[in-house]
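Given next are the chains, with one letter for each unit.
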Amino acid sequence: MLVLLHHTHVDTRSQKPKKNIMRSDVLHECHRWVFVVKKGYQEREEAIQTSVITKLKGVTLTNSSETGLHLWSAEDYVIPPNGEQVFFIVTNYIETPNQRLGNLIMNCVPDGQCQSDYDCAEGEAVIAGHGIKTGVCLNSTGTCEINAWCPVEYSSRPTEPLLSEAENFTIYIKNFVRFPKFEFSKSNVLETSDDTYLKRCSYDRETHLYCPIFRVGDVVHWTGHDFQDMAVKGGSVGVLIEWNCDLDKDASECNPQYSFTRLDMNQNNSATSGYNFRYTRYYKDQNGETYRTLYKVYGIRFDIMINGQAGKFNIVPTIIAIGSGIALWGIGAFVCDMILLYMMNTSSYYREKKFEIINFKYDQQIVTMGPKC
Amino acid sequence: MLVLLHHTHVDTRSQKPKKNIMRSDVLHECHRWVFVVKKGYQEREEAIQTSVITKLKGVTLTNSSETGLHLWSAEDYVIPPNGEQVFFIVTNYIETPNQRLGNLIMNCVPDGQCQSDYDCAEGEAVIAGHGIKTGVCLNSTGTCEINAWCPVEYSSRPTEPLLSEAENFTIYIKNFVRFPKFEFSKSNVLETSDDTYLKRCSYDRETHLYCPIFRVGDVVHWTGHDFQDMAVKGGSVGVLIEWNCDLDKDASECNPQYSFTRLDMNQNNSATSGYNFRYTRYYKDQNGETYRTLYKVYGIRFDIMINGQAGKFNIVPTIIAIGSGIALWGIGAFVCDMILLYMMNTSSYYREKKFEIINFKYDQQIVTMGPKC
Amino acid sequence: MLVLLHHTHVDTRSQKPKKNIMRSDVLHECHRWVFVVKKGYQEREEAIQTSVITKLKGVTLTNSSETGLHLWSAEDYVIPPNGEQVFFIVTNYIETPNQRLGNLIMNCVPDGQCQSDYDCAEGEAVIAGHGIKTGVCLNSTGTCEINAWCPVEYSSRPTEPLLSEAENFTIYIKNFVRFPKFEFSKSNVLETSDDTYLKRCSYDRETHLYCPIFRVGDVVHWTGHDFQDMAVKGGSVGVLIEWNCDLDKDASECNPQYSFTRLDMNQNNSATSGYNFRYTRYYKDQNGETYRTLYKVYGIRFDIMINGQAGKFNIVPTIIAIGSGIALWGIGAFVCDMILLYMMNTSSYYREKKFEIINFKYDQQIVTMGPKC
Numbered sequence: 001m002l003v004l005l006h007h008t009h010v011d012t013r014s015q016k017p018k019k020n021i022m023r024s025d026v027l028h029e030c031h032r033w034v035f036v037v038k039k040g041y042q043e044r045e046e047a048i049q050t051s052v053i054t055k056l057k058g059v060t061l062t063n064s065s066e067t068g069l070h071l072w073s074a075e076d077y078v079i080p081p082n083g084e085q086v087f088f089i090v091t092n093y094i095e096t097p098n099q100r101l102g103n104l105i106m107n108c109v110p111d112g113q114c115q116s117d118y119d120c121a122e123g124e125a126v127i128a129g130h131g132i133k134t135g136v137c138l139n140s141t142g143t144c145e146i147n148a149w150c151p152v153e154y155s156s157r158p159t160e161p162l163l164s165e166a167e168n169f170t171i172y173i174k175n176f177v178r179f180p181k182f183e184f185s186k187s188n189v190l191e192t193s194d195d196t197y198l199k200r201c202s203y204d205r206e207t208h209l210y211c212p213i214f215r216v217g218d219v220v221h222w223t224g225h226d227f228q229d230m231a232v233k234g235g236s237v238g239v240l241i242e243w244n245c246d247l248d249k250d251a252s253e254c255n256p257q258y259s260f261t262r263l264d265m266n267q268n269n270s271a272t273s274g275y276n277f278r279y280t281r282y283y284k285d286q287n288g289e290t291y292r293t294l295y296k297v298y299g300i301r302f303d304i305m306i307n308g309q310a311g312k313f314n315i316v317p318t319i320i321a322i323g324s325g326i327a328l329w330g331i332g333a334f335v336c337d338m339i340l341l342y343m344m345n346t347s348s349y350y351r352e353k354k355f356e357i358i359n360f361k362y363d364q365q366i367v368t369m370g371p372k373c
Numbered sequence: 001m002l003v004l005l006h007h008t009h010v011d012t013r014s015q016k017p018k019k020n021i022m023r024s025d026v027l028h029e030c031h032r033w034v035f036v037v038k039k040g041y042q043e044r045e046e047a048i049q050t051s052v053i054t055k056l057k058g059v060t061l062t063n064s065s066e067t068g069l070h071l072w073s074a075e076d077y078v079i080p081p082n083g084e085q086v087f088f089i090v091t092n093y094i095e096t097p098n099q100r101l102g103n104l105i106m107n108c109v110p111d112g113q114c115q116s117d118y119d120c121a122e123g124e125a126v127i128a129g130h131g132i133k134t135g136v137c138l139n140s141t142g143t144c145e146i147n148a149w150c151p152v153e154y155s156s157r158p159t160e161p162l163l164s165e166a167e168n169f170t171i172y173i174k175n176f177v178r179f180p181k182f183e184f185s186k187s188n189v190l191e192t193s194d195d196t197y198l199k200r201c202s203y204d205r206e207t208h209l210y211c212p213i214f215r216v217g218d219v220v221h222w223t224g225h226d227f228q229d230m231a232v233k234g235g236s237v238g239v240l241i242e243w244n245c246d247l248d249k250d251a252s253e254c255n256p257q258y259s260f261t262r263l264d265m266n267q268n269n270s271a272t273s274g275y276n277f278r279y280t281r282y283y284k285d286q287n288g289e290t291y292r293t294l295y296k297v298y299g300i301r302f303d304i305m306i307n308g309q310a311g312k313f314n315i316v317p318t319i320i321a322i323g324s325g326i327a328l329w330g331i332g333a334f335v336c337d338m339i340l341l342y343m344m345n346t347s348s349y350y351r352e353k354k355f356e357i358i359n360f361k362y363d364q365q366i367v368t369m370g371p372k373c
Numbered sequence: 001m002l003v004l005l006h007h008t009h010v011d012t013r014s015q016k017p018k019k020n021i022m023r024s025d026v027l028h029e030c031h032r033w034v035f036v037v038k039k040g041y042q043e044r045e046e047a048i049q050t051s052v053i054t055k056l057k058g059v060t061l062t063n064s065s066e067t068g069l070h071l072w073s074a075e076d077y078v079i080p081p082n083g084e085q086v087f088f089i090v091t092n093y094i095e096t097p098n099q100r101l102g103n104l105i106m107n108c109v110p111d112g113q114c115q116s117d118y119d120c121a122e123g124e125a126v127i128a129g130h131g132i133k134t135g136v137c138l139n140s141t142g143t144c145e146i147n148a149w150c151p152v153e154y155s156s157r158p159t160e161p162l163l164s165e166a167e168n169f170t171i172y173i174k175n176f177v178r179f180p181k182f183e184f185s186k187s188n189v190l191e192t193s194d195d196t197y198l199k200r201c202s203y204d205r206e207t208h209l210y211c212p213i214f215r216v217g218d219v220v221h222w223t224g225h226d227f228q229d230m231a232v233k234g235g236s237v238g239v240l241i242e243w244n245c246d247l248d249k250d251a252s253e254c255n256p257q258y259s260f261t262r263l264d265m266n267q268n269n270s271a272t273s274g275y276n277f278r279y280t281r282y283y284k285d286q287n288g289e290t291y292r293t294l295y296k297v298y299g300i301r302f303d304i305m306i307n308g309q310a311g312k313f314n315i316v317p318t319i320i321a322i323g324s325g326i327a328l329w330g331i332g333a334f335v336c337d338m339i340l341l342y343m344m345n346t347s348s349y350y351r352e353k354k355f356e357i358i359n360f361k362y363d364q365q366i367v368t369m370g371p372k373c
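Residue numbers (the working numbering), protein chains in the order written: chain A, 1 to 373; chain B, 1 to 373; chain C, 1 to 373.
Don't take every hint at face value.
Copies of one chain are not kept apart here, so a pair can be met inside one copy or by any two copies together.
As a list, the in silico SDA-like pairs of lysine to any residue whose alpha-carbon atoms are at most 25 Å apart [to be verified]:
#1 K296 / P180
#2 K55 / N276
#3 K249 / T141
#4 K181 / E289
#5 K199 / L138
#6 K199 / N276
#7 K181 / L240
I should point out that these hints are in silico values taken from the structure, not numbers from a laboratory.
Chain A extracted, bound-state conformation:
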């Protein structure tokens, strides 16, 4: 079919300008796609090996009437503490200290009411959770007795984040990527002899690209949200580090690109947003009796995502790219012709000329086909 259209090139001069405008657009787009966007001449490596270590810095003091003074340092507010790629920072919490397992008079939950023990099936869990019915109905209160950790959790979430200071904590993200196929590896941390640099510096896209230290407040801000709002109910933030390396160029041009998004909601809707969970600390008194402190923590979950690919010139994909390029050229042109022929009302002259050409073409090209098979 290439013949077809290239002949139209030659013969149907009248259409040429008009058609070429159309066609050249598509063709150029196609070529751009194959050669520029897809870098068709390169062998690509997407299976990168990567390691991420995170470390938080910062400390804050909370002082609640019930539970007194708390000093929150990284080993407390980072969960888990072991420098993972995905971690959670406490920004708000409800503490319920000195819970002991015992019989509790249950009167807050709907399925607590009872006339007789019959209403309190033994071993049945309370819908609201937290407890198991003992099977006894307390006539005094007309509610079932339950086995639970008493006192029950204070249910009121602070409306102001108790760790509002967390806005100024800093996240240090050490990322190391390796492209095994090309035996190329690089880190996002500046290789410097100045040991104090990483203590002082703070990330800046222009001036400090290789200082991977981020203020929590900034990261949240870059996602288009406000830290103090987010800190109350919590949320989930994604930090994407992209390594797109053209290894035909110098290694110094293979740089990390950071982007920040809020993962748990879209701008307009907050129905499903928020992040919280509970954890406990268990103690034993001198009699060996177990008691515990229950924490319900709200906070921000950070997910460091690494994404990378590298490309390097290689003859085989080049040939293929050229090939598909050629094919595209023809196909693109061919499609344009079709469009021109059938979808646009072009001059009947053009139409008939076309067919005349087709007929006229009854003697070519086949040579090429025979051997090919």
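Starting from the known structure of chain A, fit chains B and C onto it as the hints suggest.
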């Protein structure tokens, strides 16, 4: 070669029906593959950003002779407790309370026997683990003395899962996906003003697709296994959420698809199945002496896997798809011919006709192009 | 363009041998690429489902002057303990026992000096972390008073790894892979009736491929590093398990391949290497006063990465591969011609012969090709 077959279309009518059956099958398959399966006319986006938060609900009471009453709520039986994408639920356990570090008479393990201290190399670990030899041979028992946490772990795993009630616990999976390229995002949680909905509802493929609350027993059942069996030794379950979105259609047609598989074994073999690990809780008595409780927990590991891609019409891939479609058409036909010619015993008439055609073919092919469009 | 070269085939016999050498290289390479490397005739499945469970074995005794005897078993030195795919082994640590929250005289950090309370803004965090200023300047020492956990952490890291014995710990990696599309699944653990095998054996590429038990020291060694060096400051190691399965062959030929790399540094540079974090254990005394032990642990982070794909014969990709193969053949040949024509100084005879051909071809196709190159 295209010519070739299209001529057979024209000339060798005798074969036509027979061949076309074969060919049309393949060709149709090829076209389906390119256009329907691969949606060749769409620009695709597979690099989705996703966030997952999980929360378990349910509480159960265990009562063992040695260790008394235990109330298991989510903060205890979910490990880690922080709402991860991969989490473990305790369904069975061995508790060894009040272990203290001390000298223990070792007599259970094979390498414990000794005639003299010479047999008990100091600092050598006991093969079975749990202890380090002190270098002393106790003549009384004829075994090495070891440094270990005493008492040693009770080695008998309960044959009935202690947390059999876990079957009725519920998993709430909040998943949020975003396709950055198309600026499209969606959650698997119903956007409703009815706050109680998510408290009452339970997932159903038909009626409650957007209620991501699953009964643990059901999830295990859907993998083709029985919860109570699995609960004894533990296991590993994968929950796959797939988002395949054709964004040319309405957003309401982009829905999550859930699938459930057991990851740690195939149906017929259980040799390598099971999931258990140990963790400890450390305490100090009033003298500052450390003691601990050792838990060996068996349970089910849930791995929430998100998988998604979106497609949207775009002119460039369309052209390419049409092109490859055309190519396939020809190639497919060509291959069929080859098959017919050489792999099938077709009439010698057909064979010679073919070759005659080939020679005779020095003047066509365009014909083949016309119809092809 | 195909015409071109096939004509040269026919007409320019003189060049044929020479050219074919060149061309056949490229073509062979191309075909190899499509059929052998890419296994073009197979339908591929890369979305594997995989489960990993890890378990460590080994125990060691540490004896520090300050903190006395410590017995480290898996539940202590593996963080997190729950058999994850990514886990950390403690090889070195700094223990700071019996910290209590209180007012501490701060004199180690630069911003501690003060003339008056004015220099000690209340609530301000100390740059070095660990504390919050109380707002009081202690004239005695001329430093700010801070709220912190006292005593502060001993800052000296042991120069010899305290858990040097960790070199002999063993890692058991149970991996299970499933290719849903082909309903094929396999494990890296030998299916044997001999229960003791997995207790005795140790991985060997030749003799014990299906014994996934690795000595920590060996794994580090295989990355090209020395365990005792790495153990001091810690590091990050990647264990890659690859499953490349040609399911047209027997299942027994689908075997795991292990490879080991250090992820946190390249051979020559150790600037950014190391892995450490802090965690705490909280206690309460008989008065309910909280105190804690702070651990700063150095160690090795293992990241078990699973990578796999399977292929099985399928007619559709086969047809496509043959097609692209044919295309490549032509294109490859075409490219070779171009190289021969324009980039190499071939005999002018050849050159003119070429053009003669080209001219001769002016009523085919070539027109289109000339410009195209």
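Structure-based check of all given hints:
| no. | hint | result |
| --- | --- | --- |
| 1 | K296 / P180 | neither (44 Å within a copy, 33 Å between copies) |
| 2 | K55 / N276 | both (21 Å within a copy, 9 Å between copies) |
| 3 | K249 / T141 | neither (79 Å within a copy, 58 Å between copies) |
| 4 | K181 / E289 | neither (59 Å within a copy, 54 Å between copies) |
| 5 | K199 / L138 | neither (62 Å within a copy, 27 Å between copies) |
| 6 | K199 / N276 | between (31 Å within a copy, 17 Å between copies) |
| 7 | K181 / L240 | both (23 Å within a copy, 14 Å between copies) |
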